[in-house]
Amino acid sequence: MSATSSVSATEGIGPDNPAPLVEPPRARSARTPKSTRTNFELYGWVFMRLSGIVLVVLVLGHLLIQLVLDGGVSKVSFAFVAGRWASPFWMAWDLIMLWLAMLHGANGLRTIINDYAQRDGTRFWLKMLLYTATVFTVLLGTLVIFTFDPNIR
Amino acid sequence: MPAGTLYRGREGMWSWVAHRVTGVLIFFFLFVHVLDTALVRVSPEAYDDTIAVYKTPLVAVMEYGLVAAVLFHALNGLRVVAVDFWASGTRYQKQMLWTVVGLWLVLMAGAAYPVLGHAVREVFGS
Chain A
1 MSATSSVSAT EGIGPDNPAP LVEPPRARSA RTPKSTRTNF ELYGWVFMRL
51 SGIVLVVLVL GHLLIQLVLD GGVSKVSFAF VAGRWASPFW MAWDLIMLWL
101 AMLHGANGLR TIINDYAQRD GTRFWLKMLL YTATVFTVLL GTLVIFTFDP
151 NIR
Chain B
154 MPAGTLYRGR EGMWSWVAHR VTGVLIFFFL FVHVLDTALV RVSPEAYDDT
204 IAVYKTPLVA VMEYGLVAAV LFHALNGLRV VAVDFWASGT RYQKQMLWTV
254 VGLWLVLMAG AAYPVLGHAV REVFGS
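Chains A and B, in that order, give the protein sequences. Letter 32 of the first sequence, counting from 1, is numbered 32 in our numbering, and no numbers are missing. Letter 84 of the second sequence, counting from 1, is numbered 237 in our numbering, and no numbers are missing.
Check each hint, because a few of them may be wrong.
[As the list claims (entries may be wrong)] To give a feel for the contact side, a few chain A residues facing chain B, derived at Cβ under 8 angstroms:
| no. | residue |
| --- | --- |
| 1 | Ile-53 |
| 2 | Val-56 |
| 3 | Val-81 |
| 4 | Gly-83 |
| 5 | Leu-98 |
| 6 | Leu-100 |
| 7 | Thr-137 |
| 8 | Gly-141 |
| 9 | Val-144 |
For the record, the hints were derived by calculation from the structure and aren't laboratory data. Every residue gets a Cβ at the ideal spot worked out from N, C-alpha and C, and that includes glycine.
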């Protein structure tokens, strides 16, 4: 575009001939889809940052205990799990870590599906698969932590 | 494609790519990890037999890869938070990325012996 044409685009604009009103691109109107009328994406954005900070502590602590301290992975066994889950502190640690990590990961994957799956149907079904797997895994993990029985045998 | 229009990115783009890739890898491991832990509700033997797989040399290398992914995602995630909430965050995003890479290298060196030591002993004896 040359300089002269950009001048002519605003030519004649004045008090008697105002420039046309341009709607802000993200202004909400009656035509805004229902799914984008809430602040869901804002809360998701905040959640990723807050849960991420907590997860740095919980997950790196978990890796330190399971893979580094006291013989690393070699010492992990049913008896080791029983010893840790005898304490409500470690049960709470693992429960919070499970929920935050699964929701953090699910929201991350939701973003990635939205970015790369172009067809509406593909996007919808990939997300349904994601949500199903997430709910199943969170519930299974929660059930296991709460119903753990050291004397199962 | 017209010449010279392919965006090759810089530190910002590549750290974003690495953050996505490591995030997906960690999430898929998390599914498997909840399932293997759920075996404590089946029997001590079922759990111990499955956890034995985690103690093999090949899987130890994969665990080192998992540690690599988690450490990068954690440190770079803190950088993302700093970029978003710290007023000077965008100005120092490159310096913060190289700090992340430096810390990651130090922590990976520190994790090498605890995570891989038993695998090395098993493969090479002694």
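Evaluated hints:
| no. | hint | verdict |
| --- | --- | --- |
| 1 | Ile-53 | holds, 6 angstroms |
| 2 | Val-56 | holds, 5 angstroms |
| 3 | Val-81 | holds, 6 angstroms |
| 4 | Gly-83 | violated, 12 angstroms |
| 5 | Leu-98 | holds, 7 angstroms |
| 6 | Leu-100 | violated, 11 angstroms |
| 7 | Thr-137 | holds, 5 angstroms |
| 8 | Gly-141 | holds, 5 angstroms |
| 9 | Val-144 | holds, 5 angstroms |
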